[in-house]
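Engineer: Here are the chains, one letter per residue:
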Amino acid sequence: MIGRRTKFHFVMCFALLCCVGSIATNAWAQNGGDLRFCVRSEPKTFDPLLVDDDSSLSIRYLTGGVLARVNRHTQELEPELAESWKVSPDSKQITFKLRHGVHFSDGTPFAADDVAFTVQRLMDPALHSNTGDAFRSGSGAVTTKVIAPDQIAITFPAPVVGLDRMFDEVAIMSAHSAKKEGAVLGPFMVAEYKPGSSVRLERNPYYWKKDAQGRRLPYLDSIHIDIQGNRDVEMLRFKRGEIDLINVIDTDYFDRLASSSPQLVHDAGPSLDSDFMWFNEVGNAPIPEYKRAWFGSVNFRRAISEAINRDDLARIVYNGHAQPAVGPISPANKFWFNSHLKAEAHNPQGALERLKADGFHMQNGTLVDKSGNQVEFSIVTNAGSKARERMSVLIQEDLGKIGIKVNLVPLDFPSLIERITHTFNYEAAMLGFRNIDLDPNGQMNIWLSSASNHAWNPEQKSPATAWEAEIDKLMREQASTADLKKRKQAFDRVQEIVYEQAPLIYLINQNALSAVSTSVAGASPGILYPQTFWNAERLTLNGTTTAKR
Amino acid sequence: MKAARVLACVIVVAVCALSLCANWLAPGGYAKQFREAPGAPPSREHLLGTDEVGRDRFARVLYGTRISLLLAPAAALVSTALAALVGGLAGYLGGIWLKVARAFTDLFLSLPWLFLLITVRALLPLNVSPLSSVLITFLILGLLGWAASARVLSTSANTLRNSDFVLQARASGAHGPRLFLIHVLPNLKPVLYAQFWISIPVFILSEANLGVLGLGVAEPLPSWGSLLRELEGMLSFREEPWRLVPLGLLIVVLTSFQLLLEKEEVTA
Chain A
0 MIGRRTKFHF
10 VMCFALLCCV
20 GSIATNAWAQ
30 NGGDLRFCVR
40 SEPKTFDPLL
50 VDDDSSLSIR
60 YLTGGVLARV
70 NRHTQELEPE
80 LAESWKVSPD
90 SKQITFKLRH
100 GVHFSDGTPF
110 AADDVAFTVQ
120 RLMDPALHSN
130 TGDAFRSGSG
140 AVTTKVIAPD
150 QIAITFPAPV
160 VGLDRMFDEV
170 AIMSAHSAKK
180 EGAVLGPFMV
190 AEYKPGSSVR
200 LERNPYYWKK
210 DAQGRRLPYL
220 DSIHIDIQGN
230 RDVEMLRFKR
240 GEIDLINVID
250 TDYFDRLASS
260 SPQLVHDAGP
270 SLDSDFMWFN
280 EVGNAPIPEY
290 KRAWFGSVNF
300 RRAISEAINR
310 DDLARIVYNG
320 HAQPAVGPIS
330 PANKFWFNSH
340 LKAEAHNPQG
350 ALERLKADGF
360 HMQNGTLVDK
370 SGNQVEFSIV
380 TNAGSKARER
390 MSVLIQEDLG
400 KIGIKVNLVP
410 LDFPSLIERI
420 THTFNYEAAM
430 LGFRNIDLDP
440 NGQMNIWLSS
450 ASNHAWNPEQ
460 KSPATAWEAE
470 IDKLMREQAS
480 TADLKKRKQA
490 FDRVQEIVYE
500 QAPLIYLINQ
510 NALSAVSTSV
520 AGASPGILYP
530 QTFWNAERLT
540 LNGTTTAKR
Chain B
0 MKAARVLACV
10 IVVAVCALSL
20 CANWLAPGGY
30 AKQFREAPGA
40 PPSREHLLGT
50 DEVGRDRFAR
60 VLYGTRISLL
70 LAPAAALVST
80 ALAALVGGLA
90 GYLGGIWLKV
100 ARAFTDLFLS
110 LPWLFLLITV
120 RALLPLNVSP
130 LSSVLITFLI
140 LGLLGWAASA
150 RVLSTSANTL
160 RNSDFVLQAR
170 ASGAHGPRLF
180 LIHVLPNLKP
190 VLYAQFWISI
200 PVFILSEANL
210 GVLGLGVAEP
220 LPSWGSLLRE
230 LEGMLSFREE
240 PWRLVPLGLL
250 IVVLTSFQLL
260 LEKEEVTA
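Same order as they appear, the protein sequences are chains A and B.
Every letter in the first sequence is one number past the one before it in numbering that gives the first Met the number 0, and letter 30, counting from 1, is 29.
Every letter in the second sequence is one number past the one before it in numbering that gives the first Met the number 0, and letter 155, counting from 1, is 154.
The set of hints was computed from the structure by calculation and includes no laboratory data.
Accuracy of the hints is not assured; some may be wrong.
For lysine-lysine, the following BS3-like pairs were computed, each having C-alpha atoms within a straight-line distance of at most 27 Å [unchecked claim]:
(1) A:400 with B:31
(2) A:385 with B:98
(3) A:404 with B:31
If you want a taste of the chain A side facing chain B, the calculated C-beta under 7 Å gives, among others [to be verified]:
(4) 40
(5) 311
(6) 396
(7) 408
(8) 416
(9) 420
Examples of chain A residues lying across from chain B (beta carbon under 7 Å, computed) [as the list claims (entries may be wrong)]:
(10) 83
(11) 86
(12) 141
(13) 367
(14) 389
(15) 392
(16) 414
Idealized CB from N, CA, C, for every residue including glycine.
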């Protein structure tokens, strides 16, 4: 029987526990500890306007304050440093109304002249900013007009489509701070950089955002980013609890981790990334004339596309963490994906029918063209990419079944780039496309026939085919109007043409795979970059982890 | 020690015999993809399981052993012969020949081979059949791998040149090629054997690394190098231990060769 005194003790202990719990929760929220993760290479720059690599991109995302941010979960554009904005009907001007009471990490107040300074610097041709290049829609200068300390109008010489969303990439710099890029508006600021080893970010004490309870964000004290190129080591460190998350994890690692600790891994579904192959259609490429004729034939390209078993690629190479790809836009891109298109079905018989239409026929189990040339070609891909090497082995067998001999040549990346962009000494190539931009304008450098990344036949003086001319027209059309409906129609048609002509044979869209330790609270991995820490300002680490470190 | 050598001999003969009988032991072949069972564990159908794309690992080990056991020693033979020719002869002749040969081998060793191999890849056609790729790969290894061995051999040959028995042979009227071939070269045998055996695992691993430059054994042909590359990313020996079979086989075969070599050295 429990006595009254004992009951009193129970009640007191319970109250004390609740009290301690409450204090701990507050401390946890206010003092979120040190989050640790790895980047795969040295950040090339801390200048937010010169970012050109993944590591620098991560640091910019965590330290840079932007006027508007694409919500990585909803894919909608949301206000940040700008309370509101208005794009002119001709898409040449954007006017921002700025937030009040915001300060840079060194205490300097934020105002419209900082935005003007940033935009002028961004658009300075001498800076050679990739971020700035995306805004260059026509010749002429970009003008900025500070209307009031909290209002600014930016005018471009020609229409810039998707103008407001592009400001997601522009981290605002201080016009007055002596610290230059060291003064930031994001949730964290760079505190220490050890070249070749790590970057330590600390909480920005002046960060403007607060949570629903009025507590200043971010919750975390700091973020420790280790520079670690070896994925095996990264995985081992994650398993040991030395790092808290892996932003993008390989399928093999994902499954191994899933088998032992399923609570740590996250498959967010199809990402924007795709793998594809294409044939060399460059007019003066050093390849035999009869092969140029094969590669230039839509029947040949479609036959190859039909002969490839994409379901097997997704199931075997990616262990089911991928989907057969349809075209240039992944189904993950909710608005721009043309949902009327379906991935090419595996149909070897259909492939042979298409080839017959071009005069190809089987001879002793080997496919030969109408001139009697045996159908044989090589596929170059980047060595070291296990997934692509495995995909190419599967494709080699798939095409072998319709009598085509494929030689696989994995090459080191610089040699591969040299071949596909300068010497054009290759027959077919397989590569991937990491897309961080939802808007099709980000793909202008692929689809315009004059573009340098028009992989199968780059930098054409005039479109080599009628369908390329149509794509050029449609891409320019969608880039010259702010009417979303018209843009969508134009780009839907581009996707249809790419599907019909198969200049790029899309293979699979990988899923967005990541790993997050259970010690991290508030993580909601998504498909858009940065998958795991897009809401870094609201992440916390539990007390045990904080104490351990 | 005799028992160990007998065992080593049995192992080498057994491995060679098994690899030569690959057609009968693994009639499915090394390239057939069992797509319904990728990465499968060992079973009655697949004694060592299947690889990531569903190919029978047992068949690939057998065929890979055949290729590597035939071609890595062949490449080692080419490189050792070149080393004996350059290093052995230079050491025997001494004087300016030795200096020139050492300068040449030093220069050869200091060349940035990675870039030169990239150039070699650029010069070769892309449409090379897997079998040709094997021959090209091991020929390149054989032609490039002689310099370090030549350095060792030149020192040994130079020591022999001044030894008493060579002086005695010379005093007895032996000169030129006869002196080199009958008195010097046989005494270089232990060093030559050592260089030969050391080169084999080096070439097997180099072949795997050459794959990065598009110069290795091309898919779908297997080799020990490509089988060892499968171990990349293996975080623990406990998970899928059957994947370690190629590594175990490599160690066992090379140890066996080493034991047989010791006998040869004693005989020499």
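Engineer: Evaluate each hint against the coordinates.
Structural biologist: Structure-based check of all given hints:
In summary, the hint linking residue 400 (chain A) to residue 31 (chain B) is supported, as the alpha carbons are separated by about 12 Å, within the 27 Å threshold. Distance hint between residue 385 (chain A) and residue 98 (chain B) is unfulfilled; the C-alpha atoms sit about 46 Å from each other, more than 27 Å. Between the alpha carbons of residue 404 (chain A) and residue 31 (chain B) the distance comes to roughly 15 Å, so the proposed pair stays at or under 27 Å and holds. The interface hint given for residue 40 (chain A) is broken, as the beta carbon of that residue sits about 18 Å from the closest beta carbon of chain B, more than 7 Å.
Hint status for residue 311 (chain A) relative to chain B: holds, with the closest Cβ pair at about 6 Å, below 7 Å. The closest approach between the C-beta of residue 396 (chain A) and any C-beta of chain B is roughly 5 Å, which is under the 7 Å cut-off, so the hint is satisfied. For residue 408 (chain A), the interface hint holds, the least distance from its beta-carbon to any beta-carbon of chain B being 5 Å, beneath 7 Å. A hinted interface residue such as residue 416 (chain A) counts as satisfied when its beta carbon comes closer than 7 Å to some beta carbon of chain B; here the least separation is about 12 Å, so the hint is violated.
Taking 7 Å as the C-beta contact cut-off toward chain B, the hint placing residue 420 (chain A) at the interface is violated, the least distance being around 14 Å. The beta carbon of residue 83 (chain A) is not positioned within 7 Å of any beta carbon in chain B (closest approach about 49 Å), and the interface hint is therefore violated. Given the 7 Å rule on beta carbons, the hint for residue 86 (chain A) is violated: about 48 Å separates it from the nearest Cβ of chain B. Below 7 Å, beta-carbon pairs count as interface contacts, and residue 141 (chain A) has none with chain B, the closest being about 43 Å; its hint is therefore violated.
For residue 367 (chain A), the suggested interface contact is broken, since its CB lies about 16 Å from the closest CB of chain B, more than 7 Å. A distance limit of 7 Å between C-beta atoms decides the matter here; for residue 389 (chain A) the minimum to chain B is near 5 Å, and the interface restraint holds. Hint status for residue 392 (chain A) relative to chain B: holds, with the closest Cβ pair at about 5 Å, below 7 Å. With a cut of 7 Å, the hint placing residue 414 (chain A) at the interface with chain B holds, because the nearest CB-to-CB distance is about 6 Å.
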